[in-house]
Each structure stands twice: as C-alpha cells, then as structure tokens.
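Taken in order, these protein sequences are the chains called A and B. Going by this note's numbering, the first sequence opens with residue 727, and the numbers climb by one from there. Going by this note's numbering, the second sequence opens with residue 842, and the numbers climb by one from there.
These are calculated hints, taken from the structure and not from any lab test. The model shown is predicted, which means the values in this text are computed figures rather than measured ones. Do not rely on the hints blindly, as some may be mistaken.
With a straight-line Cα cutoff of 30 Å, these simulated DSS-like cross-link-like pairs (lysine-lysine) come out [to be verified]:
| hint | chain 1 | residue 1 | chain 2 | residue 2 |
| --- | --- | --- | --- | --- |
| 1 | B | Lys-1207 | B | Lys-1046 |
| 2 | A | Lys-783 | A | Lys-760 |
| 3 | A | Lys-783 | A | Lys-768 |
| 4 | B | Lys-870 | B | Lys-904 |
| 5 | A | Lys-760 | A | Lys-789 |
| 6 | B | Lys-1067 | B | Lys-1150 |
| 7 | B | Lys-843 | B | Lys-870 |
| 8 | A | Lys-872 | B | Lys-904 |
| 9 | B | Lys-1425 | B | Lys-843 |
| 10 | B | Lys-901 | B | Lys-944 |
| 11 | B | Lys-901 | B | Lys-963 |
| 12 | B | Lys-870 | B | Lys-1067 |
| 13 | B | Lys-1150 | B | Lys-870 |
| 14 | B | Lys-870 | B | Lys-963 |
| 15 | B | Lys-1357 | A | Lys-872 |
| 16 | A | Lys-999 | B | Lys-963 |
| 17 | B | Lys-901 | A | Lys-872 |
| 18 | B | Lys-1277 | B | Lys-870 |
| 19 | B | Lys-901 | A | Lys-999 |
| 20 | B | Lys-870 | A | Lys-872 |
| 21 | B | Lys-904 | B | Lys-963 |
| 22 | A | Lys-999 | B | Lys-1207 |
| 23 | B | Lys-944 | A | Lys-999 |
| 24 | B | Lys-1046 | B | Lys-843 |
| 25 | B | Lys-870 | A | Lys-999 |
| 26 | B | Lys-1067 | B | Lys-843 |
| 27 | A | Lys-789 | A | Lys-759 |
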Amino acid sequence: MSVEIVQADALAQLAAATSEAALRELEVALLGKKGAITELTKMIATAPPAERGPLGKAINGAKAAVTQALEARRSALVEGAIAAELADRRFDVTLPGRSPSTGSYHPVSLVQERLEDIFVAMGFRVLDFYEVEDDFHNFEALNIPKNHPARDMQDTFWTTDGLVMRTHTSPGQIRAMRSIAPPFRAVFPGKVFRNEAIDASHEHTFHQLEGLMVDREVSVANLISTLRIMLSQVMEREVTIRLRPGYFPFVEPGFECDMQCLICGGGGCRVCKHSGWVETLGCGLVHPNVLRHAGLNPEEWQAWAFGIGLSRLVMMRYGIDDIRHVMGGDLRFLQQFV
Amino acid sequence: MKISWNWLSRHVDTAGLDPREVGRLFTLKVAELDGIHPRGHGLERVRVVRVEAVERHTDKLSKVRIFDGEAHHELVCGAPNAPSALGRFAVWVPPGTTLPDGKRIELAVVRGIESDGMLASKGELGLLGSGPAAGGDEHGARAADDNDGIWILDGVSPGPLYSVVPDLRDTIFEVDNKAITHRPDLWGHRGVAREVGCLVRRPLKALAHQSADGTRGAFPTAEGPKVTVEDAELCPRYLCAVFGGVRVERSPLWLETLLEAVGQRPRSNVVDLTNFVMLDLGNPIHAFDAREVRGRHIVVRRARDEAMKTLDGVERRLASDMLVIADPERPLAVAGVMGGENSEIAPHTEEVLLEAATFSADSVRKTASRLGLRTDASARFEKALDPHLAEDAARLFAHLLQATVPGAHAATRLVDHFPAPPPRHVVPLEPAVVSKRLGLAVALETITDTLSRLGCTIAGLGSGHLEVEVPSWRATRDLRLPEDLIEEVGRIIGYAEIPPVAPLVAVSAPELPKDKLQERRVRRFLTLGSGMSETLSYAFDWRPMLERLGAPTAGRVLMQHPISADLDGLRRDLVPNLLHQAEKNARQTDTIRLYEVGRVFHPEAGQLPRQPRRVGVLISEPAEDATASWRTLRGVLEGLLAALHAPPARWVPLAAEDPARPWLHPTRGAELYVGSALAGVASLLHPRAARALELRRPAAVAELDLDVLLAHGEAPVRHAPLPRFPAVPYDLAFEVSRVIPTASVAAAIREGARAGAALVREVTWLSSFVLDDERRSDAYHLVFRADDRSLTTEEVSAHTAAIVAHLQEALGATLRG
Ligand SMILES: [Zn+2]
C-alpha cells in the first residue's frame, strides 16, 4: 500500500472521529506499536536501496501530517465538548443535596461542653461525681443536719437503703475539697433529682453545673466577676447580672443570681414574668461548717460556689418551652441540635 | 405568704412610699417576692346598699329591692344566699359599671323584670385573688358562711363602698416561702415591716397593745389555769389565760378585710383574732373553749398511745414523740400543729382559754410531717420562733379581744411558764473581714449603722473587734456566725454596690480529665461519624418496659417513695430506656439511631451502689437482613473503639440466654473483650423481645462500659512509616462449611501464610454467599508486601498455595475457580 493512500485514509478517519475516546483508539491504531503508520516503516527494509531515502522521507512526512491532524482534531473535540458543557442550560443546581446521614448532640451536652470549655480556659478542672449519694454528702456535710427545714425545700428521692438521689451537685463540693489539695478551682456537671410531679416547667430529673473556687482569700466580688464571664460566654453576648439574698444552708452569705432578660432586654415580657430578670443560679461564699466538714480550716481557706441549672440554661438558650422534651428522647426534638 | 400593704402600715409609716418600689427593694435586699398585686381597686362606682325586700321570682332567681342611701332600685339576683341578705347590707354594682375583670354591668331585663344593676360577690369584685390560702386553714373543712354568694355586710350604712370599707384598696406582696425558711422573724407582718423600716429608714411603731398608760393588753391578778409542762425542751415557753364575757359572732369589718386581703377566710371574732395575731406577729396562738378544759388544768406532755380528732375532722393516731396539749383526761391539741374538735370554739362559747406558746421547731416539724398535716401554725413554729414573741401575742390578743368584742375581758392573770429564757447571743465581728469577704471597702460606721437598724446592739467599738448582740427575733437559728453578719451588712448596702473583680490566681495547666475527654470522643464519633442522635433518659427504669421484656425488677436500687410505681428503681442497664424511647419514636419514623452516655446503678450492700459510666447504642432501621443489621452495629462499635484509641476488641459469641438481660439474642450477639477485660455486649434484639415491642424495624443494641475502656483501652496513636515497596493484591474465594465463623477463616488465612505470614499485610473479607444448606463461598482480598524489596509473582504464588493448602487442611475449605 502506498504511503499516500495510508496517509489519506488515516486523515479521513481522524476527520470522522467524533469523540475523545474514539480519537484515543485511533491514535493507537495509527501511531501505536502496530499502527498503520508505524507498519509503513517496515516497507523501508524491503525497498530497493535507492528508494529507501525518499520512502523514509515520505513516511516521516505522513507521520508528521497524521500526528498534526490528530492533535488538531483532539483540540477541536475538547473545545467542542467544553463549549457544549458550558452551553448546557439543563443542569439543575436546585436539586436537594445528598448528605451522609448526620446525627445530633443532646442540647444539654452542647451547653455543658461549652461551659466546661469556658471554665477549663479559666483554669478550672472538670470533675464528675456519683448520682446516688449518702446523706452525709448530700445534706449533713452541707450544713443541712437532720430535721433542718431546708430538707423540705428539696423533695428528696430516698432509696430503700437510706441513700439519696443527689438533690443538687453540691455534694461534689465536699468530695472535691476532700480529694484535692487547695487552692483549686473546679466545675462538676451532672444529673440531679427532685421528687416532684412533672409538667412543662418541672422535671424530677434535671441537670446542674456546680462551680467551686477554694483559695486563701476569695470574695463576693470575685464570684460576681466569674459569673458574669460565664454567662456572657455561654449566651455569646454581654449580660447584666444582679445578686440578691438567697438562702442555701451551705453558703453564707448566699445569693440568687438573676440575669437581665435577654428576650426583652429588661423591659419585661412573658418569659421573665414581666420582671425584666430571669433567675439563673444560686451561689455564695461556702459556709465555714461546710469547709470544716470537707477537712479545711475556715481560718485558713475560703471558698465560693455556685450551682447553675443546665436544663434551664438550655431552655433559655434554645427557646425550649417544655422541659419534658429534655429527657423525652423524641428524635424530632433531638435532631434539631448539631 | 401574703403580706398586705395596709397591714404593714399598722407597723411602719408608709406614707409617701410606692409599694412597687418597696417590693423591688425587698426582693433585692431581703427575700424574693413572687408577685406584687393590687387588690380592691377600680370599684369607685360600687355602693353598699340596704336590702329591703327579697322575693322569690323563680326557683333560682330572687327579685330584690335595695336602698343605696339616696334612691331605691329593683334588680334580679341569682345568688343562693340572696334571701339571707334581707334587712342587711349588700354590695351593689350600678348599671354602666365595668368591673376589674372587664365585665360590664348594664341595665337588663331578666325574666320580664327590669334589673337595675347587680349585687356582687367578693369574687366578682376581684377581692378573692387567687382564692383562700391553701392547706393551712384549720377551719377550712367546716366553713359555711355568707360569702358563698353575694357579699353581705352587717352593722354599716349605705354609701360608696370605699367609704364603708376604707381599707379595701390594698397592695399584696406574695413572699416566696422558700426564701424565708431561715427567717423566723419574717412570718408575720411585724417582721416584714421591721425590714421595710430598715430599708427606708423609718422606725417601727409601737405594738397595738403597748399603750403609754400600760392599760392595754393587761391582765387581772385572779388565779389562772394550772399549767404543767412535762417536757420543757419541746415547749420552752407556755402562756395562757382565761377570757370571759365572750360572745362569738362575726368579726368587725376591718378585721375581715385584712384577713381576706391575705387570703384567710373570716370565721368568727375569736378565731379571726387568733389568726390575726399569728399573721401580725408570726407567733401562732390557739383558743380553747375554756369549759372543755377539764379542771382548768393544761398539761403539756408527750402523747401516749392515744388518738384525737383534729379540727379538720380527721381522727389522728398520735405517737409518743409528739407533743400534745391536754387536760388531765384527754389531749386537746397537737402542740403547734392543730387544735382538737373536743375543745373547739363554738357559737355558744362564752369563756376562752388562750394559749400562746413556743414549741420546739424540730418536734413540730417532725410531728406535722408524720401526720401529713402542714398548717400555718406548724410552718411558723418549725422555723424556731423567738420565745419573747409569745408574750406579745398573748397581750395583743387580750387587747384586741377587749377592743372588738363588747363585754369580753381577761378573767385571770397571764400564766407564764418560761423556766429558761435563752441567754443573750453575742457574735464577734472583725470589721476588716467584712470588706475582705464582700470585696468592697465598707466603712466601720456603715457596718455599725446597718446592724443597729436591724436591731443589733454593738459593743467593742474602740477595740477593732466588735461584739454584736443579736436581737432575740434573729437569735434562735438565724444569726450565729460572723459570716451571717457579713451577709446582713452586704444585703442592706446592696450587692449591686459590689464591683466585679476577677480573682488573682496562679496560672495552672488546663485540664480536661480523661473521663470527660473520653465522653467527648464517644459523642463526637457517634454523632458526627455514625449519624446517631444523642439522647438522655432517666436514671430510673421504666418498669413496664422491664416487664414487657421479661427482665427482672429485683436487684435494683429501689426508691422509698417513687414518683410513680412505673419509676420505682434505678436502671441496671441503659438498653431498656433506649428501647422505651425507640418505641415512642417508631410511631413517627422507621430510622432510629440513638445513643446515651450515662450511669447505671448496681446495689452494693452497706455502701453506695456501683455507678459505672456506660454508652448505650440502639439502631432500628431498614436492613436487608439480620446480618446487615449486625454488621451495621458492629461497624459502629469498631469505629467507636478506634475513635477511643482502644485496641480492637475480641468478639466472643454469646453462648446462652441471659435471664438478667432478656433483650440479648443468645445466638446473634457477642461480648466484647478489650485485652482481658469484658468491656461490653452487642446483640440483635432477642426475637421474644422484638415481638413484645412495637418497633417497625429490627433492632440492634449494645452497651459498653466506659470505665473499663478507660482502664484497659487507650493505645497511644503512633505514626507508621509509609511503605517504600509496592503491594501485590491477590483475591481468593473458598468454599467452606456454613458453621465456620468468618473470623476463623480470616485467622486461618493469616496462619496459612506460615513462613510468609509477615508479608500478608491485609486480609479483607469481601463477601459471602450461600451455596447450599451446608456450604458457602467466602471471597477475600489479600495484600502482600515486603519492607525491603519488591515481591515477585513467584513468591506471592508460593505463599498463596500454602494458604490454600492450610485452609483445606484446617477447615476443609476448597479453593473456588
Ligand atoms: Zn423579659
């Protein structure tokens, strides 16, 4: 077969190729190890010596022409394909996404972790204590002896063995002070229990976070400062707080801490019962009797403590109006929090 | 507790004060108010009228003729007590009046009669507020008075309501009772007024019986009742006297108005006065019909094995640690809690024996709670009252009785059994400590001024160490320590004055302990890595779920007084609560992936229960078959262990039913061992449990012990160098018996590589399919690689042949095409 015919045939095939894939096959068929153009070179060996020179030239010429045509055709096809894709107006970006199945965090965990992080950054350690406590840690050591009226303030779950479902996270104060050498700072979150009927704003099981700072000199001013930092951080905005007298037998002086209502800014609304303030936590300087029960000398060591209702905080932060959702396990509720 | 502004005004000058502002100060500096409510406002048009004629019109309706002082009117009244108003006085709302609740009264035609306005009940006038005080009203059960209908008045004349009842307009403070449990002095208007006076710097007025001439509240010298106090510890002070010439009738209007303002229903003059004294001073007192006190002899003693009927009509069994007030023959009252029916003030009572006493707080509290009988009286006594108050209470009663009941008078001396008056109570206070604790510089004068206003007497002013004598009304329990005084100074100055000051502390290493870190990893992996939703559930089991699962209900930590029989004990495992929640969710969705991190509770004799931390996992979702469910669960757990940096677990098939955990499937579940420790269990739901529950999809559950994982898990993460020589992949398929576990095949492959075992870097199960009843086909993907050279095809073939031979020999497995 003559070089010219092979070349003409090759060029015709290239011109007819309509896809990049076809072009790749053609490249092998023409220029590959056993391709038509490559085969031509075998003719050189059998040709008369005088024709070898011109034949070689012709074959190289054909090879160059085919290669050039191939590249030209390839770039035309690529440009055509790109132009076609760019010109396609049928692609629909409004179809919904296809995501890997996503889970959710419990909102109490989210707020609890946030609080833990705030306190860890301030040099507090995070502790965890038991939910079933004994009378000593839950009451006696916290300056709530038997027959103290404060025992009535907390409807207590007693076990048949005379143990207590802890009514607050405060037993941790005793356990922390007994196990850690002062000075130290710690927070301890957890479930607490009150034997009361459930409705939209009452649960027998809810979450608290207790904070404790033990040092040689601590003051109410320190406490106020720390509470303000905590609440501003967790609410992610500057908050205004106020302290007023509050009675907890294990602190003296004891306070209720209110936060200015974030919904109405203090003007009064339904959420704050038109007072402009939302009761947020109880706190105070740790009572000397408690320090003594925890093995510390009140002449030497001082402490402040606070206990904040995590469940309440969660409800405030996410606008949850029914506390029963918190422990209810309804996926329609749980899956709202990631 | 309700506090009336008008009542406060009897004790402190309130002229020019704004009740709302005083209420705000009270909340900020004394105790929380739950609310501040106006009472009796908006009744300017309402008049008191004389009822001149009442004529039955129909069954339920009466035609009433009234006189308003100027003119006569006719109207229709549907109140059942309308007939008893005849000749007396009622309250008339003229047409065109809008009542406080927004109801508008118009001229109307009722059953053919033109009705000119209406006669109103106290409720319609907005005077009953949230209703009578709950619980503690000892006469509640037998109340039957004119107020069950229109308001009927006696001994007045027609005129505008506000002229007839001048103190009707009032402001009511709702004090949060929990905020004053530690303040025995705040359980009456006197004590609240004392605080208000301190806040606004106005002095307390003298008590009503403390006249300059000493004639008020005085007693004659005639011999009084005999009093024997057998247990002075439970009754430190007992006063009593007899009053004669008593006529039991309706109380004067001012008394009814004040009592109603604070939610007390008026009864009769004697009972109303005892209530008034209690609400005024905070010290409950009790009136007996003197004729019923046999031998005029009061015995204060512990109860014997006896019973008595209390004023609420209930027969009560008394225990020997309860204190009773008795005569020589029988108990007359449960001391400090409630009187008895046998000596109750009756319409015909002419002689009254009045008791004013101080009872032991602990004893009253215990008795009231044992009897399930919390009264206004017990609530006050259990706060530890100042014994000096009892005498004021007796004298105030004497004065008021004489002033309001014509002819009534003290007939005997005031007997006073008070063997051991408490000593003065002095608390040392270093002024510098006040500033240090508050974090605010407080001047010495501020400290002494504040404490003096609160009734303290201060000595040692020159020495730098103050000696603060606490007033008797704060000395029983309340103010004991310097810290208590610091609180007094701080709250009266106002905590708003204290500037926030960040604590100055040494920098310390931040610390998130291992258990918290572990829980965070668990949550992160399960939530973000496994698409599961974190839930929380009660520490209590849902007992019906245990019963439906056939799980034991014994062996749990049980509650003495569970919130309900269904929540009677603590969970031993997390799975039952997860199943409970899953079942509820199954009504909405068929894809349920829940997990919970929480404690379970295992009783230990004589100590706290073991309370290990666990993570529970539940997956109930569409799956091709049981194997697919299992593999999903197992995949989650393997990922979880990896996320916790735990070594891979050994999965040991469950061998039998577990009666303690009947939700576990004996042949489709496994225990997980990490190292040598049992770390948890994973299983498909037992078919019996699955049938007992209403889950729409097959469920798989698992529970891991986080404390065990923490102790045995945690392999440190180390970087491994990337391979320098290429890997050679090789796929193999075998026919094996279906009873041989997949794990054994994989193990045999590794073993079979023998000499070249180190070269087999990966053995990956690809798939299995069933060939017939006996045999299945398993496909594996092997990867060979050496660290020091490129492997040749010949080497790999030799190792593969060894593996095939070993599988044949060990498991009877044959290579498939
Ligand atoms: Zn608000």
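Taking the hints in turn, this is what the structure says about them:
1. B/Lys-1207 to B/Lys-1046: 36 Å, violated
2. A/Lys-783 to A/Lys-760: With Cα atoms ~20 Å apart, A/Lys-783 and A/Lys-760 stay inside 30 Å; holds.
3. A/Lys-783 to A/Lys-768: Within the cut-off at roughly 14 Å; holds.
4. B/Lys-870 to B/Lys-904: Violated: B/Lys-870 and B/Lys-904 sit about 55 Å apart, past 30 Å.
5. A/Lys-760 to A/Lys-789: With a Cα-Cα distance of about 14 Å, the restraint between A/Lys-760 and A/Lys-789 holds, given a limit of 30 Å.
6. B/Lys-1067 to B/Lys-1150: 24 Å, holds
7. B/Lys-843 to B/Lys-870: Holds, at roughly 18 Å.
8. A/Lys-872 to B/Lys-904: Between A/Lys-872 and B/Lys-904 the Cα gap is close to 62 Å, so the pair fails against 30 Å, i.e. violated.
9. B/Lys-1425 to B/Lys-843: Given that 30 Å is the threshold and the Cα spacing comes to 44 Å, the pair is violated.
10. B/Lys-901 to B/Lys-944: Since the Cα atoms of B/Lys-901 and B/Lys-944 sit roughly 22 Å apart, the hinted pair holds (cutoff 30 Å).
11. B/Lys-901 to B/Lys-963: 20 Å, holds
12. B/Lys-870 to B/Lys-1067: 45 Å, violated
13. B/Lys-1150 to B/Lys-870: 43 Å, violated
14. B/Lys-870 to B/Lys-963: 35 Å, violated
15. B/Lys-1357 to A/Lys-872: The hint is violated at about 34 Å.
16. A/Lys-999 to B/Lys-963: 27 Å, holds
17. B/Lys-901 to A/Lys-872: 57 Å, violated
18. B/Lys-1277 to B/Lys-870: 20 Å, holds
19. B/Lys-901 to A/Lys-999: Distance of about 42 Å is beyond 30 Å: violated.
20. B/Lys-870 to A/Lys-872: 29 Å, holds
21. B/Lys-904 to B/Lys-963: Holds, because 20 Å separates the two Cα atoms, which is no more than 30 Å.
22. A/Lys-999 to B/Lys-1207: 36 Å, violated
23. B/Lys-944 to A/Lys-999: Holds, at roughly 25 Å.
24. B/Lys-1046 to B/Lys-843: Given that 30 Å is the threshold and the Cα spacing comes to 21 Å, the pair holds.
25. B/Lys-870 to A/Lys-999: 20 Å, holds
26. B/Lys-1067 to B/Lys-843: 37 Å, violated
27. A/Lys-789 to A/Lys-759: 13 Å, holds
Checked against the numbered hints above, the structure breaks hints 1, 4, 8, 9, 12, 13, 14, 15, 17, 19, 22, 26 and satisfies the rest.
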